[in-house]
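Enquirer: Each chain is listed here by its residues.
Number of protein chains: 4
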Amino acid sequence: MAGNSFGKLFKLTTFGESHGKAIGGIIDGCPAGLSLDLEKIQDELNKRRPGQSAIVTQRKEPDTVEFLSGIFEGKTTGTPIGFVIQNADQKSKDYSHIKDTYRPSHADYTYDEKYGVRDYRGGGRSSARETASRVVGGAIAKQLVSEITFLTFTSSVGAIKMQKNYWEIDADLIEANPVRCPDPASAEKMEAYIREIRSQGDTIGGTVQCVIKNVPKGLGEPVFDKLHAELGKAMLSINAVKGFEFGSGFEGTKMKGSEHNDIFNPDGSTTTNLSGGIQGGISNGMDIYFNVAFKPVATLIQKQQTINSKGETVEMQGKGRHDPCVVPRAVPIVEAMAALVIADFMLQNRSSKIESNFLKNL
Amino acid sequence: MAGNSFGKLFKLTTFGESHGKAIGGIIDGCPAGLSLDLEKIQDELNKRRPGQSAIVTQRKEPDTVEFLSGIFEGKTTGTPIGFVIQNADQKSKDYSHIKDTYRPSHADYTYDEKYGVRDYRGGGRSSARETASRVVGGAIAKQLVSEITFLTFTSSVGAIKMQKNYWEIDADLIEANPVRCPDPASAEKMEAYIREIRSQGDTIGGTVQCVIKNVPKGLGEPVFDKLHAELGKAMLSINAVKGFEFGSGFEGTKMKGSEHNDIFNPDGSTTTNLSGGIQGGISNGMDIYFNVAFKPVATLIQKQQTINSKGETVEMQGKGRHDPCVVPRAVPIVEAMAALVIADFMLQNRSSKIESNFLKNL
Amino acid sequence: MAGNSFGKLFKLTTFGESHGKAIGGIIDGCPAGLSLDLEKIQDELNKRRPGQSAIVTQRKEPDTVEFLSGIFEGKTTGTPIGFVIQNADQKSKDYSHIKDTYRPSHADYTYDEKYGVRDYRGGGRSSARETASRVVGGAIAKQLVSEITFLTFTSSVGAIKMQKNYWEIDADLIEANPVRCPDPASAEKMEAYIREIRSQGDTIGGTVQCVIKNVPKGLGEPVFDKLHAELGKAMLSINAVKGFEFGSGFEGTKMKGSEHNDIFNPDGSTTTNLSGGIQGGISNGMDIYFNVAFKPVATLIQKQQTINSKGETVEMQGKGRHDPCVVPRAVPIVEAMAALVIADFMLQNRSSKIESNFLKNL
Amino acid sequence: MAGNSFGKLFKLTTFGESHGKAIGGIIDGCPAGLSLDLEKIQDELNKRRPGQSAIVTQRKEPDTVEFLSGIFEGKTTGTPIGFVIQNADQKSKDYSHIKDTYRPSHADYTYDEKYGVRDYRGGGRSSARETASRVVGGAIAKQLVSEITFLTFTSSVGAIKMQKNYWEIDADLIEANPVRCPDPASAEKMEAYIREIRSQGDTIGGTVQCVIKNVPKGLGEPVFDKLHAELGKAMLSINAVKGFEFGSGFEGTKMKGSEHNDIFNPDGSTTTNLSGGIQGGISNGMDIYFNVAFKPVATLIQKQQTINSKGETVEMQGKGRHDPCVVPRAVPIVEAMAALVIADFMLQNRSSKIESNFLKNL
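Chains as they are written, first to last, in the working numbering: chain A, 30 to 391; chain B, 30 to 391; chain C, 30 to 391; chain D, 30 to 391.
Derived from the structure by calculation, the hints contain no laboratory data.
A few of these clues could be false.
Distance condition first, Cα-Cα at most 27 Å in a straight line; then the derived DSSO-like pairs of lysine-lysine [as the list claims (entries may be wrong)]:
| # | chain 1 | residue 1 | chain 2 | residue 2 |
| --- | --- | --- | --- | --- |
| 1 | A | K37 | A | K332 |
| 2 | B | K104 | C | K339 |
| 3 | B | K218 | A | K285 |
| 4 | A | K50 | D | K285 |
| 5 | A | K285 | B | K104 |
| 6 | B | K218 | B | K104 |
| 7 | D | K104 | D | K37 |
| 8 | D | K285 | C | K193 |
| 9 | B | K332 | B | K89 |
| 10 | D | K128 | D | K89 |
Next up, chain A with everything else stripped away, as it sits in the complex (with noise of 0.2 Å):
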């Protein structure tokens, strides 16, 4: 069960390493009729793609998806959509210093262990450069269920907070700036830590929120594969990240019931949603909101002590292009990773009692 696929009706399987030849896909079970805005789907790999503003890894990938098959005159045919994105700009020399050597928080020691055998080139399939396939299979996604809307931004930078509650984003302002955070001053300020951080040879963390919003009753399953729990494990499955929580999440347990239970309106919808719009695992209709979090980035523009295969201590320094944060980039991955469980689900569940024309650009 090498883990490569994620989905059940509309199934994702990637394949590819950093410095391979190509990376890419195979998205299976997207009906039939699906006319595809192509352009659309360029536009996501843009945002997540390298070199796209000062605060970000400068390595220049054109990160141009190519569609092999499943396509017929502009519209899905029901068959497997396969696509490539070329790897252009590959740096290997960069990396011979990490052949035998194992960076720090790193999946190179893990690898190893697992494997015996590694593509050590750019961090071969660990690298987060496998997560543009997965932006190719989100923007599909998000065709698909076209009348559901994904707000996705960032919402910290080390101990820097956005200053809004997420009912109140303006979603035109998430890429007013380099960030993404949707509350400029808050922006300003992280962009401006971002810079320092990357003066410093060093790099930090922080938190993507995403709001889905007009998402049908009904979607999720009610015992292993809850809504949240797939949600969770698409989330948890993107590199460098340590955590998930929605609705209340992590402060809601220092609640009482009497504060945390939200109260019915006569139409069925609450007047407070500190369930996140999930309850017993399936959605009630209110907006769906989580929060992500991720890690600072593993590699430094600095000295750091390590060992090699040998188990020899060693001194080694990031070289290569890198990130000082990643979640400006991540951005775009969290919210192809949640249009893929949406879509996943609205599939599953037109055996339920939804309403289809929640499909109906079918």
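Since the structure of chain A is already known, use the hints to place chains B, C and D on it.
Expert: This is chains B, C and D only, laid out in the frame that chain A set:
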């Protein structure tokens, strides 16, 4: 994909409603030749059982598990292990008041929206009674991977936090108090607080921590099925859970890379363990630890305003026998789910370099 | 992947050994709101039941199914349907002679090689008793797709072939004789032949044919999960099956394309149906029909030479109560498996163009 | 469940249409450390390639496979192996006549009914061109289980049957003639017959036999996922297949138990092998053998009456370049699917008693 199964090679499927004839399940994929200690399985069930102490629900259920197949002369045969637990103390009349009324922050409303029909008695399938079947599965999983140790305990109740680090836990102290907190001073405060909350007819949330020791290196798959992603999904599938974090978790987002990186010792272990025993989704041999956030129980012994299935505003008050704080009884459930994840990956990773003597009791 | 589950959206998992406490299973994915006729389910079990006529095994099993969950006030709730069938008439001492001896052409030897431990009583898990659980699952599947008709019958016993084509079958004649052959003249010969074979302490093979009528167009997936591939796997999973063919089958290999092609009528139906109702793995709306080959039962009431677990040559003779020909009792099993396949694809294809009124009894 | 994946632990997912940009796939689950002989993979593709001899289609496709990931310095890395095969010689204009016309006994009609949209060029996804990707997967599977031998050959063309038993096959004679029949006398007759059929613009069916030698004991799961059930599904998923039988097959239904039972030798082998190497769904160490029935190719170079998408009766005649008999080119496809099934079970059975030195080339 009705989602009542968990695991790939070691797979648990559960069935049953709170007030039906019986609950139970099937464990498929347990290897042949494992000598099972049936008393230990019952012991785990007893830790989850209602009525075990003064601070939990007073429902009386013997929760005796009966095995129907898959075990012959004390050993597993490699065929599926079917089991049932009779539902004994069903006071279904306690629940007639919720037949047409939706309890706030419960799953009554979403079940009706999803299925259009609902076994309302005791919450039906959405009741945490289903987790007894998980405890049976987890107890067998623990015997399968008997060289691995699981320490699971209450780490906070409301705002009261345990004052010990994960590496300072004395396993013998966990069961020394009804709260299941291995820090006696904190445990005392927690217990007093739960009693106070209960006297108000209210409820309170909390967190459970789990530490897994002696995990072989190499468990987990590197992309979608990361070890912590499967652990996260497992925990988020437990009733009332709102969040999951491992290693440095949400606190780690505030740290710099130079503070957060775990430096290697020559033997491959690390001087710190902010990674939580997992790098790139794969275990590195250090202790795995994570926190699970539980919201306050939604059923209050207080009057609450809500709606009925016609959308009329009505008043209701919890009847039945309920937990003021779910955390002490959640401890064995968290541990069971952790064991299921680990056992499944242990079987999956037999096809890797991992020493098979970790499974040598077969 | 211990393989005790069948189906994707309508999934049956079974457990149980021939002489254990009980056999049973879980049906996961049956949609909510289906009114179940429990008597009809028991009727199907009675067709498979031992002791039903003079030409089958005389083991006496009431085979009464008890449902434990998933049904509320006569309707399915969308939650898993757990069920058990007690093992009543276990004469385990009949089997002590095979504890250490491998019956020829049985699974005793391969189970020992695979698992190293074996519940030898009555053949344990390898006994066809397991198929009673399949009949329960199939009976519910048939009620789910109640507009589709299944005609299943004995088409040959030994060299005696039924003298009717699949489109000439009168459904009412199937149960008119103990052989379950709807051609009375052939049925008489078959029955006499089975009696003769039994008097020799010998056994005989045969074939079962299944015709499925009123299948909507579009069922089946075009590549690996072709409709006939899933039907074939389902049939080949039944004890004693050696072959599967649909439409023109093996005879079709001798034909020219100009003889074999089915020519379209203007309404999309075809003038002939050598395709067997399936083109490119997808149903075309014509009758689906297929044949299943059953070998002669391996247990003989004759002396046979064999070996024991030490590799010593020994003589043995079947005891217990056995079928001289498995085919009459295999008829309901073939039908159950066919219904499971069709129900699963019906649920899968809700996401295609297929009219949902085929599932309108929900 | 769009069904474009095959296998559980060794999983192949394919994509691509006959006349799209490229076809290809992803192999997920191939263990790390396998030294791959890429030439051997290409050799297998060449056996399936069109234009290889005078008795097959004259479409010219180099069918060169390009690997994009999962291989590093000649060895598998344990990460997914992505690959593409460009579509070179697309004469799509040959197919404009079927844009709105349904070819008899093809999948055009059922695709339109299922999806409502169809890439008609060259049959799109329903073309057997997809099987090139299976051959790549199967070639890698064979290298993974290199101690196991696969002998696959044409056993009949029309009514002409090979005159040798499965245990008399000389492997070196299979590729000695374009029919791939290891009985030279029969091969000559078959080849002459295919030439005659082609001169009539007609087509003919046939059978392929596969013999698998040196399979360890214990492969296969005992209930739904029997070894022969998975082999049967694999074969039935190949284009144009109408039937599958193993061991004694359909002939076995006419035999008595006293004739059919395989008597054990002291070493656990059997004196006869009517079981076909499988008992109770599990391999017993004897040769596995099975037959696969292929119908005559549906495309004729003759006038046929059919209908168009408006239901009007029209006349059509096959254009393009087609096989008069699919069987010779089906041989490597049957072998590829057999290898995929065996490799998958080999990985699954690492968790059983099976000696792991069968996988010792890792």
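Enquirer: All hints are to be evaluated individually against the structure, with a verdict given for each.
Expert: Hint check:
A threshold of 27 Å between alpha carbons decides the hint, and for K37(A) with K332(A) the separation of about 44 Å lies outside it, so the pair is violated. For the hint linking K104(B) to K339(C), the alpha-carbon distance of about 22 Å falls within 27 Å, and the restraint holds. With a C-alpha separation of about 16 Å, the suggested pair K218(B) and K285(A) falls inside the 27 Å cut-off, and the hint holds. Note on K50(A) and K285(D): the hinted pairing is violated, with a Cα-Cα distance of about 60 Å set against a maximum of 27 Å.
For the hint linking K285(A) to K104(B), the alpha-carbon distance of about 46 Å lies beyond 27 Å, and the restraint is violated. With a CA separation close to 44 Å, the supplied pair K218(B) and K104(B) exceeds the 27 Å bound. Between K104(D) and K37(D) the CA atoms are separated by roughly 22 Å; this keeps the pair inside 27 Å, and the hint holds. The straight-line distance between the Cα atoms of K285(D) and K193(C) is roughly 24 Å, inside the 27 Å bound, and the hint therefore holds.
With a C-alpha separation of about 25 Å, the suggested pair K332(B) and K89(B) falls inside the 27 Å cut-off, and the hint holds. Taking the CA atoms of K128(D) and K89(D), the gap is about 23 Å. The hint holds against a cut of 27 Å.
In this structure, the earlier hints numbered 1, 4, 5 and 6 are contradicted, and the remaining ones agree with it.
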